[in-house]
Every structure is written in structure tokens, then in C-alpha cells.
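K.L.:
The primary structure of each chain is shown beneath.
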Amino acid sequence: MIVQALAFYVFAIVAVISGIMVVTSRNPVHSVLFLILAFFNAAGLFVLMGAEFLAMILVIVYVGAVAVLFLFVVMMLDINFVRMREGFIRYMPVGALIGLVLLVELIAVATGLVPIGGVKGPVAESIAAQSGVTNTEMLGRLIYTKYIYLFQLAGMVLFVAMIGAIVLTLRQREGVKKQDIAKQIARRREDGVELKKVTPGEGA
Amino acid sequence: MTLASLSAAWPEMLLALAAMALLMVGVFRQDGPGTARLVSWLAVATLVVVGVLAIFVMPEEGRKLLFANMFVADVYTTFVKVLVLGAAAVGIILSIGYNEREQIARFEYPVLILVATLGMMVMISANDLISLYVGLELQSLALYVVAAFRRDSIKSSEAGLKYFVLGALASGMLLYGASMVYGFTGSTNFSQLVTVFGQTGAASVGVIVGIVFLIVGLAFKVSAVPFHMWTPDVYEGAPTPVTAFFAAAPKLAAMALFVSVMVGPFGKLIGQWQQIIVLISILSMALGAFAAIQQTNIKRLLAYSSIGHVGYALIGLAAGTKDGITGILVYMAIYIVMTLGAFAVVLCMQRDGRMVEDIKDLSGLSRTRPGMALMMAIFMFSMAGIPPLAGFFAKIYVFMAAVEAELYTLAILGVLTSVVGAFYYLRIVKVMYFDEATESFDANTGRELSVIHVAAGLFTLLFFLFPSALTQLADQAVQSLMGG
Numbered sequence: 001m002i003v004q005a006l007a008f009y010v011f012a013i014v015a016v017i018s019g020i021m022v023v024t025s026r027n028p029v030h031s032v033l034f035l036i037l038a039f040f041n042a043a044g045l046f047v048l049m050g051a052e053f054l055a056m057i058l059v060i061v062y063v064g065a066v067a068v069l070f071l072f073v074v075m076m077l078d079i080n081f082v083r084m085r086e087g088f089i090r091y092m093p094v095g096a097l098i099g100l101v102l103l104v105e106l107i108a109v110a111t112g113l114v115p116i117g118g119v120k121g122p123v124a125e126s127i128a129a130q131s132g133v134t135n136t137e138m139l140g141r142l143i144y145t146k147y148i149y150l151f152q153l154a155g156m157v158l159f160v161a162m163i164g165a166i167v168l169t170l171r172q173r174e175g176v177k178k179q180d181i182a183k184q185i186a187r188r189r190e191d192g193v194e195l196k197k198v199t200p201g202e203g204a
Numbered sequence: 205m206t207l208a209s210l211s212a213a214w215p216e217m218l219l220a221l222a223a224m225a226l227l228m229v230g231v232f233r234q235d236g237p238g239t240a241r242l243v244s245w246l247a248v249a250t251l252v253v254v255g256v257l258a259i260f261v262m263p264e265e266g267r268k269l270l271f272a273n274m275f276v277a278d279v280y281t282t283f284v285k286v287l288v289l290g291a292a293a294v295g296i297i298l299s300i301g302y303n304e305r306e307q308i309a310r311f312e313y314p315v316l317i318l319v320a321t322l323g324m325m326v327m328i329s330a331n332d333l334i335s336l337y338v339g340l341e342l343q344s345l346a347l348y349v350v351a352a353f354r355r356d357s358i359k360s361s362e363a364g365l366k367y368f369v370l371g372a373l374a375s376g377m378l379l380y381g382a383s384m385v386y387g388f389t390g391s392t393n394f395s396q397l398v399t400v401f402g403q404t405g406a407a408s409v410g411v412i413v414g415i416v417f418l419i420v421g422l423a424f425k426v427s428a429v430p431f432h433m434w435t436p437d438v439y440e441g442a443p444t445p446v447t448a449f450f451a452a453a454p455k456l457a458a459m460a461l462f463v464s465v466m467v468g469p470f471g472k473l474i475g476q477w478q479q480i481i482v483l484i485s486i487l488s489m490a491l492g493a494f495a496a497i498q499q500t501n502i503k504r505l506l507a508y509s510s511i512g513h514v515g516y517a518l519i520g521l522a523a524g525t526k527d528g529i530t531g532i533l534v535y536m537a538i539y540i541v542m543t544l545g546a547f548a549v550v551l552c553m554q555r556d557g558r559m560v561e562d563i564k565d566l567s568g569l570s571r572t573r574p575g576m577a578l579m580m581a582i583f584m585f586s587m588a589g590i591p592p593l594a595g596f597f598a599k600i601y602v603f604m605a606a607v608e609a610e611l612y613t614l615a616i617l618g619v620l621t622s623v624v625g626a627f628y629y630l631r632i633v634k635v636m637y638f639d640e641a642t643e644s645f646d647a648n649t650g651r652e653l654s655v656i657h658v659a660a661g662l663f664t665l666l667f668f669l670f671p672s673a674l675t676q677l678a679d680q681a682v683q684s685l686m687g688g
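So the protein lines, in turn, are chains A and B. Heads up: the first sequence is residues 1 to 204, going by my numbering. Heads up: the second sequence is residues 205 to 688, going by my numbering.
These are calculated hints, taken from the structure and not from any lab test. Built from N, CA and C at the ideal position, the CB exists for glycine as well. There may be inaccurate statements among the hints.
[Claimed, not checked] Computed footprint of chain A on chain B; a stretch qualifies when at least three of its residues, placed anywhere within it, have a C-beta under 8 Å from a C-beta of chain A:
1. 268 to 281
2. 335 to 347
[Unchecked claim] Label-pair distances were calculated between CB atoms; the ranges are:
3. K183/A x S383/B: 55 to 65 Å
4. I148/A x A406/B: 32 to 42 Å
5. A182/A x D646/B: 38 to 48 Å
6. R173/A x D556/B: 23 to 33 Å
7. R173/A x I600/B: 51 to 61 Å
8. I148/A x I600/B: 25 to 35 Å
9. G140/A x D356/B: 57 to 67 Å
Let the hints inform the model, and build the full structure from the sequences given.
P.N.:
Structure (C-alpha cells):
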């Protein structure tokens, strides 16, 4: 139990600190890297709560795809981040207000001021305890049996997205030299080398 | 769950597999118009085979539920699916020559049409709010891409983007409505919703709000007023064969979905939603009639005309009776034939290899191309609802249903707006037959186009000889949808 508590505090503290670093660090690349760290720690928190599927999805989708995409955008586009920071003071009150509202809501829920209907204790734990299967297995059972029709159709939607992205953006550019390995291997000495007879005193 | 027990869903499975196989054919063959042509014809063949298969596996009686009751197959779904498949096949045939001339012939086009058609089949067979949404989204995503298919043209890209943004908004509305319905009834399944509403008879305010949002989303997809804004711009900007396809297959599928959702799970609540349908029906008919008068572009004109036709078809839904639904099915079947025929004529409007789209370009067509002018005249007279052409029968069935359901105002307004609408249809006939002849159109527009518009013209002209063939099928379809 003590290990769990210790792990929770480590993950939570690192997540909060890296969250602060995301907004304060001067170098945008560092921001994205701290964001990835925050995601990893949030995934750790999910594992502690028994939601291992969410943890995996968070790492695969957010770290593997979204954050790397951010990194590409930050590194490839020439965005003036100093200009973007202008007006920080001006927008500060609005941000603080939203933060305050969120804080009040969190306190209201955490202190039991607002009753949450129906849910008692960690939900994930109760499901795992009742059926004896992990929630990954449970999701798998449902998706591949009851919801197989929708699952396959969602696959078709992604299929359309792939075709659409290629149709609308891929261009065969003229005049670009591409490596053709078959052509390179099929090349023979006779095609590339030409012997010239040079008469002495006249040059090539 | 064996493959044999899924027989009712074989058409969908075959279509999905064929779309992937055709993509592979396209990818592994040499790039060029030859490949596009081959894949297009293979796609047409696929659609025909799927259509035959759909008839073959149709449940003889009753409704066949599959996939945890999310999928339904009966005579109604089969009837609409076969029409949609036919419209999609014609849509692909219309595109082949055009895409080659405009140098946008790529093999992805027929593949996207196939996937869009799959989405439509899922929509038609939906028996759950989730499968409804997934089918709608599958269809819409493929359509957004084909709208922007001529990516080097600003207009086409604009059409695709506009359709995408507004379509996403409509999807959001629809999802919101679905979540409200789920929240207040505890189920997304149509079969269960029927029992829920059957017991209580009345619905809470939350459910009504949910149904209103569902109607908004669906009205957007059938482009009924006031959710029609995208239609003229998308129809004008998209490549013409894409417009022809948009006007036919997706509209029919969305209308069939609209009908099956309204009379299926929410059938008991007709008192709640009837007035909304009456209102959007009247608005669509009025806008379709009045806004089309000033149009100079033939594609925009046909867009407004399609909005009007949706209004007329919705009369049948407003009635909510068996006759009304039969009327919708007959109306939509005749409508897609007329529309595809009219677009086949529009696709022939080329001078020196370039498309012309103005109505005044048609002037004197009766002297330069008498056959084409005659066909166009037949389509226009039919759309105006002049007897004995097919469009007259389409209108009379829905008007009769409205009168029987005692919606006299709706029927009278329908007749009045169709008189106004007749003005702009007849103006095209006048331009073709009485205006000074201009330059002739190119002669070499391909044999496919001529075959399609002549076939559609003959159907429209000779429908009055055998109206019962179509109405009986529609009757059976409605019988299986509404029972008893």
C-alpha cells in the first residue's frame, strides 16, 4: 500500500511540475518534451487507478502521435513564439477566472459538497472485482463480439480518411530524381562507359 | 455466428471487400486514364452484382435483425438499396468520360463512390442510433472528398470544404439529438425505442428536444430548408458528375433513413414531429420554386429544383400514413431517374472540349441537337409535374396521401408551388426551342451519356403505361417497414 501511495505522489508531483514547465519554458521544443513527460505521468496515474487500457491509449495516441506531431510543427514551422507571448498580462484575468471556477468545482466534488449519483468508490475496481477480468479484456470481448459491426465500419471510415488524404494532397512532382534500385542493379558496364579514341595532339 | 447466418448482410460485406480489392487493382497498375477506366467499369460491375445479391438474399417476410440488432434487412431496405446501387452505378458511368476530358481521371474516384455507397447501405439498414451515425459519417466523408476531387480548381475545393464544415456541424447536431434520446430513454436501439414509446405513448421534453436535433441533422443531409444553404454552392462547385451523384444516391439514402427513423422508433410520437416536417416541407417547396427563378447556372438551378423535390417528398412523411411513405418511395425513385437523365444532358454541354453551364448556352438546342433537346424537354416537363409524364404521378401520390391525412393546406401549397416551379422548368424548354441558336455543342461526348439520357427519358415518358409495377414494389416495401 505504501508503495502505491509513494508512486502516486511521485507521478502526481512530476505531472504537475512538468505541466507548469510546459507553459513557462522559453524554448517551445522543451515545452513539447515536458508535455510528453506529463502524459507519461498521467498514464502512470491511470495504471494506479486500474485503468490500464486508458494508460496504454494515452501513451500510444498522445505521446506516440499527437506530441510527436506537435514536435514536428514546432520544429518545422517558423513561428515567432515571443510574439505569441505578448499580451500575457492582458489575458491573465480571464485565465485566472477560468482557473478559479475549475478549482471551485474540483473542491466541491472532492469534499462531497456535490453528491455524485450512483458511483461509489473507484469504478474500475468494482468492475474488475465483479467479473474477474481486466477492463482491456472486457473491452476486447465487447468490441469483437457485440460491436463487431460498428468496429469494422469504423475501420472503413479510417480507410476513407486514408484514401481521401492521399487523393487530395499527393502530387506526382515533375523533375524529381528518385532512386530506382531495380534500374541501378540492371545497369551494365556497356551502358555507362564509352571508350573514345583520342588522337594524340588534338585532345578529346 | 457463421457466414451463412449473416446472409442478409452479404451485400455490404461484398461491397466493402470489393472496394478494397479495386483500390489494390488501381494501386498496382500503371497510373493513367486506362486504369481509371478499368476500375470504374469494375466498380459498376460490382454495384450490379451487389444489387443482384441484395435481391437474392432479401428476407421473404418479416425483418431480419443482425449484429446485436444494429442491422436490419427487409423488403424496404432492399428496395431502397437496389435503387441507391443503381444510381451509384449510373453516377460512375457518367463520370468516366468527363474525368478523362478534365484530366482528373484517377482510380480513387470509383473506389470512393463504392465506399460512399457502402455508407448509404449501412444508413438504410440502420436499426440503432450508433449504426445510423457511423453509416452517415462513412457516406459523408467519402462525399466530402469527391466534392473536392478536382483539387486544382478553387471552386471544387471550396465546395468540398464548405460541405465538410457544414456537414460536421450537422453531424454534431445529430449526435447531440442521439445523446438526448439515449439519455432520456436508456437505449439507442430502434427496436427498444419502439417498445419504450409504445408503453408510455408520450415522451418527455428531453426526448422531444433529441428528436428535433435528429431531424435537424437528417434535414441537412436531405438538404431541406432551412438547412439547405450548402446545396447550391456544393452542386455548382463540385465536378458535374459528382453533382449528378449527389443529387441522386445520397439524397435517396438520406430520405430513406429519415423515413425509417421517423416512422420506426418515433412512429408513436407522430403528433410531436408532424408539425416540424410540415413546416420544412412547405419551406422547401417554396424556396425550391422561388429561388430557382433567378438562376442562370444550370447546376444551381437543378440544386434548387432538388430542394423543391425534397419538399414534395417530405409531404408523404408529414402524412405519416402507409400511402404517404409509398408516395415518398415512388417519388424518390422517379426523381433520381429524372435527375440523372437531366445531368446526363448537362454533361453533354461542351464546346471545344470545355464545359459550359449557363442556361443561355442551351438556346436553340432543338435545331442543333434535336434528340438531346427532346430528352431535356421531357425531363423538364416531368419535373414540373405535367401529365402524363412520370413526375406527374410522383406528385399525385404524395398529394393524395396528404389529402387523405387531412393535411389540406400542405397539399394546396404543394400544388401552388409546383405551378410556380413550372415557370423555370418551362423557361428552359423555351430557351431550347424558341431562342436563337448559338454554336452547337461538341458531338463526341461519349455513347454512355446518350444511352443514359435516352433510357431515363424513355422511362419518364412511358411510366404511365406501367405505374403499378413500381407502386406495388413500393407497397410491399412499406408493408415490411410499417407492418400489418
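K.L.:
Of the hints stated earlier, which fail here?
P.N.:
8, 9
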